[in-house]
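Chemist: Line by line, the protein sequences are chains A and B. Anchor point for the first sequence: position 42 equals 42 in the working numbering, and the numbering is continuous, going up by one each time. In the working numbering, each residue's number is its place in the second sequence (first place is 1) plus 82.
FYI, nobody ran anything at the bench for these hints, they're computed from the structure. Errors might be hidden in some of the hints.
Covered by chain B, per the in silico footprint, the following chain A stretches (three or more residues, Cβ under 8 Å) [unchecked claim]:
#1 12-25
#2 64-76
Just the calculated beta-carbon pair ranges, DEER-fashion [what the hints assert, rightly or not]:
#3 A/Arg80 with B/Thr113: 43 to 51 Å
#4 B/Gly228 with A/Arg48: 40 to 48 Å
#5 A/Gly66 with B/Trp206: 21 to 29 Å
#6 B/Gln211 with A/Val33: 21 to 29 Å
#7 A/Ile4 with B/Val96: 34 to 42 Å
Far from chain B, by Cβ distances over 12 Å, these chain A residues were calculated [claimed, not checked]:
#8 Leu7
#9 Arg29
#10 Val32
#11 Glu47
#12 Arg48
#13 Leu51
#14 Lys53
#15 Arg80
#16 Ala82
Every residue, glycine too, gets a C-beta built ideally from N, C-alpha and C.
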Amino acid sequence: MFEIGALVRAREQRTDGHTRLPRYLQHRRGRVVHVLGAYRFADEAAERGALAKTQTLYTVEFDYDGHAVRADLFESYLERDA
Amino acid sequence: MNTHVHDHEHSAQVSQRVKTLIARLEHSGLTTEQHLDDLVQEFLANARPENGYRIVARAWIDPEYKHRLLGDANAAVEELGVDLSHWAPVRLRVVENSDSVHNLIVCTLCSCYPIALLGPSPSWYKSEQYRARAVSEPRAVLHEFGFDLPDDTRIVVWDSTAEARYMVLPQRPAGSDGLSESELAALVTRNGLIGTAAV
Chain A
1 MFEIGALVRA
11 REQRTDGHTR
21 LPRYLQHRRG
31 RVVHVLGAYR
41 FADEAAERGA
51 LAKTQTLYTV
61 EFDYDGHAVR
71 ADLFESYLER
81 DA
Chain B
83 MNTHVHDHEH
93 SAQVSQRVKT
103 LIARLEHSGL
113 TTEQHLDDLV
123 QEFLANARPE
133 NGYRIVARAW
143 IDPEYKHRLL
153 GDANAAVEEL
163 GVDLSHWAPV
173 RLRVVENSDS
183 VHNLIVCTLC
193 SCYPIALLGP
203 SPSWYKSEQY
213 RARAVSEPRA
223 VLHEFGFDLP
233 DDTRIVVWDS
243 TAEARYMVLP
253 QRPAGSDGLS
263 ESELAALVTR
273 NGLIGTAAV
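Chain B on its own, in the form it takes in the complex:
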């Protein structure tokens, strides 16, 4: 059985479980489907990758902001108006790429992801293939994303196994010196913040 089919069957099973759970909760008067939809809507309304792009652009132009971001990301992203209240106990950590180190984010156990900063995760991030191979052969995975690192760059894979969520701070691209903060933000991609692209 190939992995794609397996993933598909697995997600159908999960959907069925969620439906059953919601039906039980409604039946016992604890919530309604509408109430749940409203909660998800409210959460997702402000959870967009543009949050991540703005944070990176600010860190590129303001070394003191970058210092705060790498030291206490929860406080630093709230400075820029990103609401983390839905996430109460979760620790946000931003990890910085350099010429010698490249960071890659994964959750091998499920699909932990900094949704408040990046929006809902792409389907490949949740696939069994990515989750298994990111920790066993990251260089090959990056190659399949069209991203080849120099041989002497050390890859650090962050497996989001517990109460922390990770975002990558990519290196500022060469030749971007004259750009404004919003122009810099427009250079950043979601994959750059996961580590499957350079920026």
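Next comes chain A alone, as it looks inside the complex:
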């Protein structure tokens, strides 16, 4: 679990199948700004439908030059950034 304000990093995409982790965010450092709650994990739901487990979904903010991007990312897409 990550708390609001946690510094995180988007992991590398490790699937050839469906994912909701955009490639442009992988390896990028960000900060958790919102916890959306538990949702069926999209990568697994694409194959197992209603049998897929849920995961916590977070809104993570990434800083760019002159703007910020916020994306909704499942817990397993993220690792804590030391």
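Given chain A's structure and the hints, the job is docking chain B onto it.
Modeler: Chain B in isolation, oriented as in the chain A frame:
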């Protein structure tokens, strides 16, 4: 190959896949084309941008409504009679513009969009150009929409990557003090609710 041609070929491929899928479903007796058309018709009959315009106008005149809208948009839009039942698990979030922050909505992975509030999305929203550039150079994209923000306004781009759908709450225009709720709703545009216009 330019992006426009690429988009066109891509959409032709998608249409072909959809046709094949429908043919398979019909062949196995799971549905009919008529049944699918009826479902889409029913969904789209109530999915219109006027829903979004009404919600914004109400939020402008009623601070308590605005508070509920920003806290739990699903419940707040249902208060105004917008039916979200087709969307069951999707979380709706409304994000507020201010003098210091401007919000812009995109879906870089596909074309996620709050259809129930805004109707079907414009074709540019689904284009590869918009999807790529909204996150990499939003200020330039807004400029091409004829919309230039002050340099010190922070742009926050919301990439609709998962189970939430986003709508922008624009700032109430200056000089609109005497207007009624329906007159205020008439000032709002679809692009304002995506963030590619001020209102």
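Chemist: Taking the hints in turn, state whether each one holds.
Modeler: Status of each hint after checking the structure:
| no. | hint | result |
| --- | --- | --- |
| 1 | 12-25 | holds (count 4) |
| 2 | 64-76 | holds (count 10) |
| 3 | A/Arg80 with B/Thr113: 43 to 51 Å | 46 Å, holds |
| 4 | B/Gly228 with A/Arg48: 40 to 48 Å | 46 Å, holds |
| 5 | A/Gly66 with B/Trp206: 21 to 29 Å | 22 Å, holds |
| 6 | B/Gln211 with A/Val33: 21 to 29 Å | 27 Å, holds |
| 7 | A/Ile4 with B/Val96: 34 to 42 Å | 38 Å, holds |
| 8 | Leu7 | 18 Å, holds |
| 9 | Arg29 | 16 Å, holds |
| 10 | Val32 | 14 Å, holds |
| 11 | Glu47 | 17 Å, holds |
| 12 | Arg48 | 16 Å, holds |
| 13 | Leu51 | 15 Å, holds |
| 14 | Lys53 | 14 Å, holds |
| 15 | Arg80 | 20 Å, holds |
| 16 | Ala82 | 25 Å, holds |
Violated hints: none; the structure is consistent with every hint.
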